[in-house]
Structures are given as C-alpha cells and as structure tokens.
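Fit chain G to the given chain U structure using the hints.
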Amino acid sequence: MSILLFTAFIFAGSFGAGFLGSLTGLGGGIVIIPLLTVVFGVDIRYAIGASLVSVIATSSGAAAAYVKEGFSNIRIGMFLEIATTLGALAGAFLALRLSTPVIALIFGIVLIHSAYVSSRHRDESADLVKPDRLATRLRMNGTYPARGGLVAYNVTSVPSGFGLMFAAGGISGLLGIGSGAVKVLAMDQAMRLPFKVSTATSNFMIGVTAAASAGIYLRQGYIDPGLTMPVMLGVLLGSSLGARRLFSADTKKLRAVFGVVLFVLALEMIYTGLKGLL
Amino acid sequence: MKETALEPANHETEIIIGNLLRAGVIAAAAVVSLGGVIYLFRHGQAQVDYRVFHRQPADLCAVRGILERVLSGQGRGLIQLGLLLLVATPIARVVFSVFAFARQRDRLYVAVTLIVLAILAYSLLGK
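Chains as they are written, first to last, in numbering that gives the first Met the number 0: chain U, 0 to 277; chain G, 0 to 126.
Keep in mind that the hints are not guaranteed to be accurate.
Below 25 Å or equal to it, Euclidean Cα-Cα: the simulated SDA-like pairs (lysine to any residue) are [to be verified]:
#1 U:LYS274 with U:VAL263
#2 U:LYS67 with G:ALA91
#3 U:LYS67 with G:ALA28
The set of hints was computed from the structure by calculation and includes no laboratory data.
The following block holds chain U by itself, in its conformation from the complex:
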C-alpha cells in the first residue's frame, strides 16, 4: 500500500477511535491499539508508541478545560503523579523486555476489564467521608463547583490510592494507554473522590504519566513519525468532537454496540497472543 493511502486509512480509523473513545469514556489509546494491530496488521510496538503520543494530546486538551472550570485537584494530581510516573517507567522498561505475544495477551485482558468498568454506572453522589489524617496533612481535601455553589469533599486511604496509581502508571507505560479504568478504581473507590473531581484529576495526570514512558519509547526508537502523525492528529480531532457530543447524544445504544466490537477485538488479541506463545 502506498504511504498516502495508508496514511488516509489510518487517519480515518484514528478519528473514529478518538470519537468513540471519548464518547464512551474509554479513551482513544485503548481503542486505537487493537485497530492498528488487528485491522491494519501493525506491529504492536509501533502501535504502542503512536498511541502513547496521542494519549498525551487528548488528555492535555481535555485537562485544559477541566482545570479552568476548577474540577481538578492539582495537589492530589501532583502527589499521585509520583506514583504514576514511577509506574510508567517500570511499565516501559518491562515493555522493552516482554515478547509481543505476551504484550498482546495482557492488552486483551486489560481491554475487557476497561470495557466492563466503563459500562457500569458510576455512583455520582459521593457522601462526605471523614477526613483522613494523611490526606489532611497533604492538604488534599477541597471543593468543586456545583449548581448550588462550592461543594466540599474529603479524601481518605491515600496509601492504597498511591499503590493503585503505581499500577495504573505501569499499565499505561506497558501498553501505551491512559489506563483510566484503574485510575477510577484508585480515586473513586479507594480515595472516595467525587465523580467529577476524579475524572478531571485523572485527565490532568494522564499527560504527565504518558510523557514519562514516551521519553523511554522515543529514545528506544519505538515512535515512528510516519505512523504517529495520522494517529495523533486523527485521535485528537475525533476525541474533541466526541467530547462535544458527550452530553447531547444518547449514547446507550452506541455504547452497547461498541462494547461488543471491543470484546471481539480483545478476544482476537488474546488469541494471537496465546498462539504466539505456544
């Protein structure tokens, strides 16, 4: 295939992946990798490099909006970034040493888990928990804007949140995705942050986390400019359009169809992974 035609296909596919990724809350990276590997036959290492870069683009774009609205908790984000960046380094080092079938296998499992998490209804009414001593010392408790004025919230279980964030960073660095599903687990369920604050803060952290592993991938020659160009531009455009439609369109049916497609792609990746190992 000529470069021109290939680039056009990849751009269109990445646009769709970014659009659906942001509409369903899964993120562009976790959709673009199976598309590149299963549909276009791209080696997963190229796909990871390209995806990681597009994850930085979309999360920084989204974080810009959230931060201005005052939903992101910058202190929590900064503190947990110690865990996610360390995890991202570990994940990237692991990726350089694992064989591609193993990476595909892990990816398939993470993809199924993420699709499951994003399909569940998230509890938006977080009740006020007791302030934790460590969280108070780290000045993590805060407020966020709501219809009736500022709403205060407290934070708890900082150590387990920190540990889960290390894992989230590791998955991000290993697979080239934002790993939003694990971050939600850490911040919603362990640290008990309100839904909007955890979404906004997670977006805020994804860019820095991905930058930590992108440095390693770039220096190791995993980031191919010819492939990354249409992926990054396509995902960025698609996801900013998807974010705009997020609150207007009824996405229930779309989510269901998309969930089935992702499940099939995940099974395909697990199958190729296992086949490569045996």
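Chain G only, in chain U's frame:
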C-alpha cells in the same frame, strides 16, 4: 475551613495551566501537520509496511538528531519535533507548578513537584 481550595492565587494558577496545556497541544498539532504535508508530498507514493518492527534510526531518537533533520527540511524530522513539543507540554506544566507552589510558600508541594520533575528528566535524558 478549606484553606487552599480556591484562593485567588490558586485559581489564577489553574487558568495559566489550562492555557499552557492548550497552547502546547495546538502548537504540536500544527508542527506535526506541517511535517506531515511535507512527508506525504515527498514520499506519498512510496510503499510502507509496519508489519515488521524496526527501531527508528538513532538520530530520530534524540533531540539533536531531530533538530538536524528539521534544519535540512525533512518532513519526518518536523513531525518528530512536533511530537517532542507534545511530550514537553505536560512537562512544562510540571515546571510551572514548581514556581506556582513556591509562590504560595507551599514547601511540601514544591518538593513533591520536584520529585515528579526528576522522574521525568530521568525518562527523557537518562542513560
């Protein structure tokens, strides 16, 4: 009282961070697009295959080599420069946060932010 949540200084910081992130992404996308046009114009008819993985040539993996390719007008060098700008965007946000926390005399978070910065520096510049 939640003493730190929405001090004026803090909200100002949030707006600057938001603008910084947006500007970085737009600049990176513009440079990548320009490089992409040059690349496709020159090599659009060539064949491509990403089935088999080859590492990029060494000069596309480091800042200096990328800049040399940009100066010789190469599309792929320009794309890679745009990608570097993109990676630098969240890092610039961390650098800015060091100063923002210092201005608020928040020593604890100056230290936290410096640790993150050190990890990022290791990733980009380490051996």
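Here is what the structure says about each hint:
no.: 1; hint: U:LYS274 with U:VAL263; in the structure: holds (16 Å)
no.: 2; hint: U:LYS67 with G:ALA91; in the structure: holds (17 Å)
no.: 3; hint: U:LYS67 with G:ALA28; in the structure: holds (21 Å)
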